[in-house]
Every structure is written in structure tokens, then in C-alpha cells.
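Asker: Protein chains in written order, with my numbering: chain S, 25 to 418; chain L, 8 to 505.
Everything labelled a hint here was simulated from the structure, so no lab data went into it.
If you're wondering where the values come from, they're calculated on a predicted model, not measured in any experiment.
One or more hints might be untrue.
BS3-like, lysine-lysine: derived pairs with alpha carbons at most 25 Å apart [what the hints assert, rightly or not]:
no., chain 1, residue 1, chain 2, residue 2
1, S, Lys328, S, Lys361
2, S, Lys318, S, Lys291
3, S, Lys151, S, Lys202
4, S, Lys374, L, Lys380
5, L, Lys316, L, Lys380
6, S, Lys328, L, Lys380
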Amino acid sequence: MTETVSLVAVAAPSGRTGVDPALHVLTAEGCIQCNKCTFSCPVHRVDVLFSPRKVILQAYLGGADDVNERDLWACLTCGECQAVCPTQVPYPGFIRAQREKLRPGLDRAAPCKHGGFKDILAKIMAKPGLNQDRRAWIGDGLRVADKGDVIYFTGCMPYLDGIFSYCDSAGIGRAAIKIMNAAGIVPVVANAERCCGHDALWNGDRTTFETLARANARWIQESGAKRLVTTCAECYYMLKHEYPKVAGDWDGVEVLHMSELIEGLLKEGRLKFARPVDLQVTYQDPCRLGRHSKEYDAPREVLKAIPGLTFVEMDRVRENSMCCGVGAYSNCDAATKFMQQERLEEAASKADHMVTACPHCRIHFSCYLDGRPVDPLPDLKIVDLTELAAQALG
Amino acid sequence: MKVDELRTIARLLRDAGIQCDGGELRGYATDASFLTLGVPSLIAFPKDEAECVKLVDLAVQRHVAIVPRGTGSGTAGAAVAPPDAVLVDMERVGACDARGHRRGLFVPQVVNANGEPVDLAAAGPEDELYVRVGAGRTSDETNRALSKSGWTVAVTPSSGYSTFGGNFATNARGSGTPEYGPFGEAVNRLRMVVSSEEGARVLELSNREEIRRLAGHHGLCGLVTELDVRIAPVLGADEMHCAVLSMDTADAAHLGVTMGNLMKRVAGSCRYYAGEFLFIDAGIVRPDDPIRADSVLGGYFRVPAGHRKMVLLYRGRKDRMAALPTIAREFPEVEYREITFPQFRAMMRVRTAATGKALRRVNVPGCEDFIIKDPARFGDVLTRMFATMAGADGRPVGHHYPDGVEVHYRPQAPVTKGGIEDAWNLNLRLREAVLRPELTVEDRREHGLGLALFKDGPASRHEELRRLKARYDHANVFCPHLLDPKLQGRFIGTQFAL
Chain S
25 MTETVSLVAV
35 AAPSGRTGVD
45 PALHVLTAEG
55 CIQCNKCTFS
65 CPVHRVDVLF
75 SPRKVILQAY
85 LGGADDVNER
95 DLWACLTCGE
105 CQAVCPTQVP
115 YPGFIRAQRE
125 KLRPGLDRAA
135 PCKHGGFKDI
145 LAKIMAKPGL
155 NQDRRAWIGD
165 GLRVADKGDV
175 IYFTGCMPYL
185 DGIFSYCDSA
195 GIGRAAIKIM
205 NAAGIVPVVA
215 NAERCCGHDA
225 LWNGDRTTFE
235 TLARANARWI
245 QESGAKRLVT
255 TCAECYYMLK
265 HEYPKVAGDW
275 DGVEVLHMSE
285 LIEGLLKEGR
295 LKFARPVDLQ
305 VTYQDPCRLG
315 RHSKEYDAPR
325 EVLKAIPGLT
335 FVEMDRVREN
345 SMCCGVGAYS
355 NCDAATKFMQ
365 QERLEEAASK
375 ADHMVTACPH
385 CRIHFSCYLD
395 GRPVDPLPDL
405 KIVDLTELAA
415 QALG
Chain L
8 MKVDELRTIA
18 RLLRDAGIQC
28 DGGELRGYAT
38 DASFLTLGVP
48 SLIAFPKDEA
58 ECVKLVDLAV
68 QRHVAIVPRG
78 TGSGTAGAAV
88 APPDAVLVDM
98 ERVGACDARG
108 HRRGLFVPQV
118 VNANGEPVDL
128 AAAGPEDELY
138 VRVGAGRTSD
148 ETNRALSKSG
158 WTVAVTPSSG
168 YSTFGGNFAT
178 NARGSGTPEY
188 GPFGEAVNRL
198 RMVVSSEEGA
208 RVLELSNREE
218 IRRLAGHHGL
228 CGLVTELDVR
238 IAPVLGADEM
248 HCAVLSMDTA
258 DAAHLGVTMG
268 NLMKRVAGSC
278 RYYAGEFLFI
288 DAGIVRPDDP
298 IRADSVLGGY
308 FRVPAGHRKM
318 VLLYRGRKDR
328 MAALPTIARE
338 FPEVEYREIT
348 FPQFRAMMRV
358 RTAATGKALR
368 RVNVPGCEDF
378 IIKDPARFGD
388 VLTRMFATMA
398 GADGRPVGHH
408 YPDGVEVHYR
418 PQAPVTKGGI
428 EDAWNLNLRL
438 REAVLRPELT
448 VEDRREHGLG
458 LALFKDGPAS
468 RHEELRRLKA
478 RYDHANVFCP
488 HLLDPKLQGR
498 FIGTQFAL
């Protein structure tokens, strides 16, 4: 007997009203099945069975619910697919909407790595009446304030060193404050701050994200500050692009990534890099700062302003940059390691230091270097842009 | 395919170390043609020539048809497999490291016309050079690798992500074709896994005439595993001439006649790398697309009510494009402007997407690659096209090649079954209206004798393909369905569950 599989239209579930929200995202732009998404996808290069194009076609044919759990979580939501898509099909947005839709029915939540600490941290921070000391990491000699025009939104950085001992994440914060102090800014570091909700949102937990977003938006607006500065690409993306959708437009508050603040301070003459930093560096565009926020230039301008520094671009940069291999801590597996190997080899072929503007990129790459690399790697160090800039202050 | 047989083949493939998948394969039910023969039962992912040999051995022994597929970005339907065949995804062939992971970056091997290695740093711009690449590599990634040396792949289809194997199988045209011909003309040597009655054979072909004949074989003859592909020096900004010529009017016939005659003059007096055109309408780019606000390019996206605007783009070497400004002056209704290469690329990004771009619509392919051999008939063709598509969404785009004007059009339908069916029927009416010898219009020539339109291709080419197939595919395992006159593909859009 010959068994053939025919294409049969799948009837919409009875009682369904309106358009499926995830599918609505997907059909907002017309997929032309050109396959550029799949070819650009870093996951597909390692795992040939993962293909955004295939997922889109399956969703068209069977409905968004046909996306299996593996494909749902394998996506890094890095946006490289959307960047090359001729019709800008918002694949990361589709995946996010689908995770949101399916999460309540899944046996377990997002496959969050490191014991689910980011999930747990977000949930703890979403609780009312939270009492935090978010300044313990700052140390002597740095000035912060309770009130002022500039808020330094630290994100989860103060908590990261408890887990990722191979990265001094708090060092990024200290560097940021040092730079701001040098420019005459005494930033607010607030105990009222909570997680930005990035991982919650991208892993489908909209309730937690919205709780966090409203709580943060409230104290920020009430503070009267004019500028909200962050050293984290994920916090920046969330504060700038996602918070206004939930908590309304920022009323007179400018959201800045630290690289944008430094660039501005240099242009205004309020900051000077006096000390040469004799390094050859290349730059890793974080997905949330680059493709998701379109900020490619400010970090590069900061690097170019550092005396003694030799800046060399990798081959895949800006919108074609390759992801660090982990999105919202929900995917870290053998495929991730091969992606990181490939990207680090590319970086090492250009420089001895790879600079990032996101503490999470630094953690994920450093994690790989600290663990068991797939192949031998040349000596390459991962450094944060803000720390590098602080070195140049002298 | 029988379930037991499917399982056996899948097991044998895995035993041979070839990755395969026999699970949920609806995502492979079509290519960019949106045509389907059903859902394939099994897909294999060989990573190199050795695995292709094992695959063909197995196909011959088990009497199973195999259908090679590159990225599946073709619009001919040739990368679509019937359920009883094994779909073979070739995109990893010659592009993987030892572990089988596809590397995004690679160091290209460059050879001369004799196949001897060449140091690209020491090469001159007039040298005839080729890059030796696996069939799974693409123009975009190869160009990235070559750009450091100031070279580029000579013929690049608008889908820079199509594989070289796919480009050869469809004999794709694109940027560089006016100078170097279709893709098959730019291949100097290739390796193929073909079949005998006993199993696989590996051939290395360097006879250019034979290679030209094989170009456009649509997978009928074997699995191409490696090619020597012509490369060309990247032109510097001071050597390059980019220009945009535009015209808008309410009279479609007048627009077509004017622009058609202009193209005819350009073909006779200029040698260009790329000639592309598009018709502008409100939906061609998003309302918030930055190009609308561009001080130079933004004006091309403003069209007076009731008018049609055609934008024609050329790129070539300055010395070979010298006649263009003079020709443009012969057509006072046509606005001529020289633009920079980045501006040309910005317009080409719009052009590439324009065939399928549709907000909250799906595009319904079907009218791809009408070739108008005499550009002077462009006005008649446009008149018929616009009359047929009156009220429908979408816009024609196309290429200007020295041997004719190639037009693509995809109606854009609301995401409903009825809407998609209406658009499909519009395609059929459009074919009836313009595919006429008196208009000098032919359907796809080299680019596309695949599943979608095989029946419409010239009989002489069919006969040649049958001869080639008999010569290379003794066991008749490669895409035998394409030669079945009873083959009936379906448009997958009518199956959408939306």
C-alpha cells in the first residue's frame, strides 16, 4: 500500500474568533518563501532541521499552533532573519507572540538555563513591597544620588556576579558611574528599580513583564529625571521600545544606551579620553542594540575616540552581525557552542579583544571561553565597551 | 512511498551517516513558486560529494526518485518533490566543516580558466578568474569572502541567497547577465554525481559547450556538487555609473512605448551590468520606510493620482555607459538622474522585494518571467497587463537584458481562500492576455523549464533535456516526474488554513 500525505486545509478550531494573534503578526507582511531567513539563521547553520521558512510555511498551512515546541525555543529571536528578509516578515515577533500564546499550556515554562534563575529573578522582582539594596556593588570613590536628572538603570547587573563568577559584571556598572562622574553627572541608582522584564517578555510571560514595566515606569516618571541611561542592550531595547507600549510614552525622559551618552558627552566636550589604551579590538553588535534598536554607530564612535586603540571590523557587522548564541537565556546547547566558536574565531582573526555593549553578550561568550571550547581558540578577551571607555579616562 | 520503504531508506541514509528527516515536512511542500505536488515523505541533507554518491547509490538500488533542492528560492517549481520521492537539500554540500556544520565564513579558492590556483592579490582586472565553490554556497556569502580582495561573483541573481547549484539548475539571470550572460555561461567547470544502472558516477565537466547545455537542467541530470564560477573585479566609485530614469503618466500604453524604446536604444549603445525596473505604487514600501524621506530617492515614491510611474535603473562601467545621458535626452518625458552606488542599492532593495511586497496580503506567484523580445512592444504588453490587472494589488517589476525585457508580476491577495483563488485566476487571465507571439512575448526561456511551466517551454529544449537526461541519468532517478506530461501541480495557497 502506498501512503501519501496530502495537503489538507486544517479547519480553524471551533469557537475561535478573530485572527490568531501570532499568525496575525506573521501575515502582516507577505512571506515570499525565498529562504533568505533560513540561510541567514545562525541556528540553521548548525541544525539543518531548524528553518524559519519551514516554520512560516507550516504556520500558513496548519495554523500557528503547528509550530512545535522545539522550533519555538530554538529561535534566538536575534532578528538576523528579519534583517535580510525582502519583505521584512517579523519572525522574532511571531515567535514571541507564539511563546506568549502557548506558554500557559506548556508542561514547563521557557527552558531557562542556569537553573531558571532569570525566570525566578523576574518573578521575585514583580512582587509588590520588594525591598532591595541595589547599591552594595558600587564601592568607594564613586558618587551616586537619590535624586537627579540622570538615572543609571543598572538592570540585573548587580545580581549577575552571583551566578557568572567569570565575569565582573558589576565592573561595568562601576565604569559607567566613573564615566558619568568624570563628566560631572551624579547618577541616580535607585533601590526601587526592578528587572526590565526582557526575558519574561521574550519567553512568553507577558504578565510578569507588564507588572515590571509598570512598576519601573512609575518610579522613573515620579523621579522627575530627564535621562535614563543603561549599560545593557536588553534594558535599552525594552525601556525604549517596549515600555511605551505598556506604560505609555515617556514624558520628557530620554532613554540612552551608555554608548550614546558617552558619544554625546565627547561631542559636547564634557568628557575627554586622555589615556591611551593600546589594544586591537573588534566590536560585537548586540542584537537588541543593533538589529532591534538600529543603534550601530554610537559604540563605534566611542571606540574610535579612544586614543591608542586599533579598531578592526569583523566581516559580519551591523545588521548582518552574528548573535552571541543565546536569546533571553532560553537556549544554550551544543548548537550555541558551535555558533560561539564560529563568531569568536571570526573575532580572533581580527583582534585580540572583542568588545560588546551588552553584559549578556559578554557573559555568553565568556561562558564559552571559560568552559570547554569545541575547538582550540586563540587568546581572545571579551570586554565591555563601558569598561574600555573608563580605562581611557586615566 | 510505502511506509516500510520510507523507514528502510531513512535507516539506510542514517547508517550511511547522511542526515535526514521523515517527520513533519509540510514546510518543504513548496518552493518560492508556491506550487506543490504534496508533502514530501523524506528529506536528506548530504554535506559533501561523498554523501551525494551514497545517496545516489541508494536511490538506484531502491528505485527511488530523488529531487535536488538548493535554497528553494526558485519560482519554477523545480525544487518541489512528489510524496514518493526523496527531497535532497543541497545547501550544505561543499559548505560544511568536518562536523557537518555549515560555516558562514570561508576562504575562497580562486582558479584561472585552466583550473590552476591563482593568488587573487596578484591578479589584474582583465584576468579571467573563477571561484571554486561547493554547490551549497551562495553568491552573498561568496561575495563577502571575495570583497576583501575587491572581487565579486560575476552573475548574481536578485536572490543572492540562492545556491550556486540552484543557480546552475535554473540557469538563473541577474546582475551581471548583460555582461556575462546567464549563470551557465559563467561556469567553467563542474562536478556532478550522476547515475548508472549500477549506482552513482562522479563526473568532472570542463567542456563549456556541454556545461551550457546542462545549465537549466532543473535537477533532471544529477547532483551538482562543485563549480568554478566566474568572478569580476568590483568597480570603484569613480569607475561606476549608476543612473535612474523615471516617467509617470496616466497613459500606460504611452509609458510602455516610451520606456520600451528607451530600453531598446540603451541596449544598442551601452554595455551595462544591471538593468532593472519597477512600477511604483502606494504599497511598494511601508509608509514609514526611510527611503520615502530620502532627499534624492524619496521623490520616486510619490505618484500623482491616476498615474503610473516606472523607474528604470542601470549600473555599469562609466566608459561603457557614456551614451546613456545622451539617449535619455532623446526622451524628454523621462527624468534622468545619476545616483551613487549606495543609492542604487537602496533602490534595488525595493526592487527585490517589490514582486512580493504586500501589507496584510499574500503574493500569488504565477506570472513570472515574461520575456518581451522586442522592447518596442512593451507598450502593447503593458496596456494588456494593466487592463487585465485593473483593481488588483501588486505591481510588475523586471529586468532589462540586451536580448529582451523580462517582466514579473504577482497579484497580491487578501489572506483568505477566496482572495487567493481570485489572484490565481488573475494569473491565468494574464497569461492568456500577454503570452502571444505577435507581442513577441515568450514564457521563461533559460530561467525556468521546471514543474510550473514545463508544458509551455519550447519543444526543442524539452527534447534536448530528454537527451541530456538519458546521457547522465541512466537509472532515471533524478526528478523523473518533470518529464511526465500528466504531471499536475497545485497552487499551495489554496490550501492555506487562514
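Asker: Measure nothing beyond the straight line between the CA atoms of Lys328 (chain S) and Lys380 (chain L); if it is 25 Å or shorter, mark the hint as holding.
Answerer: The given pair, whose Cα atoms are some 54 Å apart, is violated under the 25 Å limit.
Asker: With a cut-off of 25 Å on the C-alpha distance, tell me whether Lys374 (chain S) and Lys380 (chain L) pass.
Answerer: 50 Å, violated
Asker: Below or equal to 25 Å on CA atoms is what counts here, so check Lys328 (chain S) against Lys361 (chain S).
Answerer: 30 Å, violated
Asker: Is Lys316 (chain L) within 25 Å of Lys380 (chain L), Cα to Cα?
Answerer: 22 Å, holds
Asker: Need the status of pair Lys318 (chain S), Lys291 (chain S): alpha-carbon distance at most 25 Å?
Answerer: OK: Lys318 (chain S) and Lys291 (chain S) at ~21 Å, within 25 Å.
Asker: Decide if the proposed pair is consistent with the structure: Lys151 (chain S) and Lys202 (chain S), CA atoms, cutoff 25 Å inclusive.
Answerer: 32 Å, violated
Comparing the model with each numbered hint stated earlier shows that hints 1, 3, 4 and 6 do not hold.
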